[in-house]
Amino acid sequence: MNIAPGIYALTGFLLAATFAVTGGWTLQEFCWSTWLAGLMYAAFCVISGALHTIVASGSLKSAVEKHIPWLSKVSPAVFLLVTAVLILAITPVILYIYAFLFSIYGALLSFFAEMEPHEYFGRNGFINSDFYTPVGYLLAAFWPMALGTLIANWRDFVHVSPWKRMFVPAHSEMIRIHIMVLVMPFIAMLAWALFGDSYHSVAIVLLMGVFYLLSGKKAPE
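So for the sequence shown, my numbering puts the first residue at 4; every next one is plus one.
These are computed hints drawn from the structure, not numbers from a lab. All C-beta atoms, glycine included, are put in the ideal place defined by N, C-alpha and C. Don't take every hint at face value.
Pair ranges (Cβ atoms, derived) [to be verified]:
no. : residue 1 : residue 2 : range
1   : V161      : G27       : 32 to 38 Å
2   : I10       : I93       : 33 to 39 Å
3   : L84       : F114      : 25 to 31 Å
4   : A144      : I100      : 39 to 45 Å
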């Protein structure tokens, strides 16, 4: 049995959970930390996929030639140049699309998980922000969650084919977000019933367990 994926997910979980408990994160802060983790995961998938495509242009050329025979007349150097130009043009567009999608999630989150500072994460704050300033704030405050997610999902940045890698977040993060939305109220209520006013840390650790359990799934090839 291959236990490596579980080890990396456990490492990410322990890193994030340790900082969450010792830092006294609230459930609202946990919600925003998962938002940040998803955003960083998407960005790393896109950027690593783009770099991999450029570096592996030689094998890509051979694969494409099977479907477009006339490309065999194009020199590897020219193919590399064209591939690099196309990738450098497409990558910012994909990153912008993910940023736009996460900005929608962020606007919704600012209603259901409003937190300080309100000029960034309040109901009228995030939607009127420049997006990047709140992201910078979250990175400084909740980097363990983002780093833990990257550790838990490192296989996605290596083993998934470059083109699929760029679109993995659109599928995996949607599923993970919906599952978290479904389980969060039940776990929070259970933790509150058992631990009273100190339920935040317990609920967050349990929710992180779910989050990183989903991260430990085998990456699609």
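Enumerate the violated hints, using their earlier numbering and listing them in ascending order. 3 and 4
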